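> Sequence:
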Amino acid sequence: MTFLVFIFLLSLFQAESARISSSSPIFGPRQVTGLLGGSVTVKCFYPRTSVNRHDRKYWCKESTRQCVTVISSSGYTAQDFTGRATITDFPEQGIFTIEISKLVEKDIGFYKCGIGLVNRGLSFRVKLDVSKGPNVPEEAELYYIELGGSVTINCAFGTEYGSERKYMCKMGEIGCSNVIDTYGNVNENYKGRVLLSPQELDGSFSLYMTQLRKEDSGVYLCGAGAYGEKGESKELDVHVYQETSVPQGPHVINGVIGGSVSVECHYDPRGNYTIKYWCKWRKNGCNQLITNLASMTDSYEGRIVLHDNPENGTFTVIMNQLTAGDAGYYWCMTDGDMERKSTKELKIIDGQPGLTGPKQIDAVIGTRVTIPCSYPCKYYSYQKYWCKWRNTGCQTLISSEQNQTGLVVNCDKEKRTLYLTFDQVIQADQGWYWCGVSHSGHYGETMAVFLTVNGDAIPPNTKSEDANISNTGSENSNDPQNRGGVIDDNSLPSSPEHDSSKVILSVLLPIAAVCLLLATVFVVVKFRLLKRTDLVSVGSYRTNISLSEFENSRDYGAKDNVGIHDAQETQLGGVDEFITTPGNAEGAEEPPKVKRGSKEEADIAYSTFLLQANKVAQGEA
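Heads up: take any position in the sequence shown, counting from 1, add 60, and you land on our numbering.
Calculated directly from the structure, the hints in this document are not laboratory data. Any given hint could turn out to be false.
[Said to hold, decoys possible] Between beta-carbon pairs, the in silico distance windows are:
#1 110 - 451: 40 to 48 Å
#2 347 - 134: 47 to 55 Å
#3 191 - 136: 23 to 31 Å
#4 165 - 111: 36 to 44 Å
Note that this is a predicted model, so its numbers are computed, not measured. For glycine and all other residues, C-beta sits at the position ideal for the given N, C-alpha and C.
Taking the hints into account, I'd like the entire structure generated from these sequences.
Structure below.
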C-alpha cells in the first residue's frame with residue numbers, strides 16, 4: 061500500500077513539473093539522448109526582454125532536495141563537469157546553449173536550464189539519456205513562438221513518398237489528432253490558421269501555422285502516409301509564450317454586401333521586411349491578393365489597396381464592393397528574418413454600407429462631371445477624402461476636414477454629401493475613384509465609383525451645364541488632383557431644368573443691362589442736342605445748327621494764343637471792340653463785359669451761316 065502511494069505521489073510530482081515547465085516562458089527539449097563517450101547539445105529559449113538578456117543563465121542537475129548548478133554564464137563550472145561542459149548565450153536571438161561532452165552513465169538524469177537564481181528563477185526541465193549505441197533516437201525539432209505569432213515548418217521524406225498522404229497531427233492522451241492533411245481535412249480548432257503547401261521535391265511539404273494560441277503548445281508530428289500504420293513521421297515540439305510586443309488587433313471583421321472593410325496588420329518595425337502581402341486562405345493554399353510591391357490579382361482590380369506604414373509597424377488592407385464570396389479567412393504575411401503571419405476572419409452580415417453613391421458614371425470628354433458620396437451622421441467628425449485608385453495605392457485627390465468647434469444639434473443624412481467635380485474631363489481621368497473616411501490615422505469605410513470617359517471633345521468655348529459648381533482647377537487642368545473639388549451639397553443644382561434657367565439668366569441679364577444703359581445715354585444726349593438747336597433753311601439747304609457753337613468765341617478760334625490773358629486779346633465784333641495795352645493784368649481795371657441778348661446772338665449766327673452757305677454755293681459753281 062505504501063508503495064502504491066509513493067508511485068502516485070511521484071507521478072503527481074512529475075505531472076506538476078511538466079505543467080510548470082509548459083507554463084514557463086523558458087523552453088527547451090523535453091528529452092535529449094547522447095552516445096556513451098559522445099556529446100549532446102541542449103538549446104534553451106527565453107523571451108528577449110532587457111532583463112532576460114542581461115540576467116544569469118544556468119544549467120543544473122536535479123537531486124532529491126535541490127537543483128545543483130553544473131555551469132552558469134557567470135563563470136562557474138562544477139568539478140565533475142570541468143572541461144566537459146560549456147554554456148553560450150545569444151541574447152539577440154533569445155537563446156542559450158549547453159554542450160556536454162565525454163558522456164558517462166552517471167550523467168543520466170533530469171536537468172534544468174534557467175535564468176536568474178537556481179530554484180527561484182525561470183526554468184525548463186530536460187531529461188538526459190546516455191545510450192550505448194549504435195544509434196540514438198531522433199530528437200524533436202523545437203519551435204519557440206510568441207503568442208499570436210506564426211511558424212513555418214518544413215518536412216521532407218524522400219521521393220518514395222511523393223504520392224502518399226501528407227499530414228500534421230498533435231499528440232495527445234489517445235493518440236495523434238489530425239490537424240491538416242493533403243486530402244483537405246482541417247481540424248475545426250485550426251481552421252483558417254493552418255496551411256499545408258506541397259513543395260517541388262516529391263515527398264516534401266511546408267506547414268504554416270499562424271495566430272498561435274497558448275493551447276497550441278505541444279508535440280506534433282508531420283508525416284507521410286498514415287500515423288501508426290505506414291510511412292514516416294517527424295516530431296515537432298512547439299512552445300507558445302505569452303510575452304509579445306506586437307499588437308494583434310481584432311481577429312474577426314464584419315462587412316456587408318456592397319460595403320467595405322479596413323484591416324490593420326501588425327508586424328515588428330525592427331524586422332527587416334521586404335514584402336508584405338495579403339492572401340485568402342483555402343484548404344489547399346493561400347491565394348495572394350495584393351502585395352506592397354504593386355502586385356495584385358486581376359479580379360480584385362479597383363476594389364483592394366494596401367497602405368504600408370513602416371514607422372509604426374502596420375500595413376492596412378482595404379477591400380470594398382464586398383460580396384458573399386468574400387467571406388472567409390485571410391492572412392497578413394511578411395517575409396524576412398522575423399517573419400510574421402496573422403489571420404483574420406471576414407464575416408458577411410446583414411446591413412447597408414455607410415457610404416452611398418453611384419457605382420458607375422459615364423461622361424463625354426470636355427464635360428463637367430460631379431460624383432457624389434453620401435455619408436451618415438456617425439462620420440461627421442471624420443476626415444472625408446476622394447482618391448484615384450491604382451495598383452500602387454489610392455492617391456488622395458482632395459480631402460475635407462469638418463469643423464470641430466461647432467456644436468451639432470441635428471443631423472440630416474440626406475444632406476451630408478461629399479462631391480468630387482471635374483471642370484472638363486479628359487481621357488486620362490477614366491478609372492476607379494474611391495470616396496473614404498479616416499479618423500486619427502486609421503482608415504475606415506470606402507466606396508468605389510468607376511468613371512468612363514468617351515466621345516469627342518467639346519469646344520473650349522462651350523458652356524458647361526453644371527455652371528453652379530466653381531472651377532477648382534488652376535495650373536494644370538489635366539491633373540485630376542488639381543481639377544477636383546470638395547463641394548458643399550447646397551451649392552449644387554437640384555435639377556437639370558434649374559441649371560438651364562440659371563445659364564440663360566446669367567447670359568441675358570448682362571446683355572439687357574448693357575442695352576438699357578446705351579439707350580439711356582443716347583436719349584439723354586439726343587434730348588440735350590435738340591433742346592439747344594434751331595432749324596435754319598437757306599435755299600435748298602436744311603440743317604441743324606447748335607447755337608452753343610457760337611456762344612464762346614474762345615473755344616472756336618477767336619483766341620489764337622491760349623497763353624495770353626483775355627485782356628490782351630482783340631475781340632471780334634463792332635460795338636464791343638476795344639484795345640488794351642500790355643501791362644500788369646492784375647492791376648488793370650477790368651472792363652465791363654457786354655452782354656448780348658438771345659436775338660443778337662441769333663442774328664450773328666444767322667449771318668455766319670449765310671456766309672458759309674454762300675461759300676459752299678460758289679465752290680459748287
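> Now tell me if each hint is right for this structure.
Going through the hints against the structure:
1. 110 - 451: 40 to 48 Å: Given range 40 to 48 Å: holds, Cβ gap about 42 Å.
2. 347 - 134: 47 to 55 Å: holds, 52 Å
3. 191 - 136: 23 to 31 Å: holds, 29 Å
4. 165 - 111: 36 to 44 Å: Taking Cβ atoms as reference, residue 165 and residue 111 lie about 38 Å apart, which means the hint holds.
No hint from the list above goes unmet by this structure.
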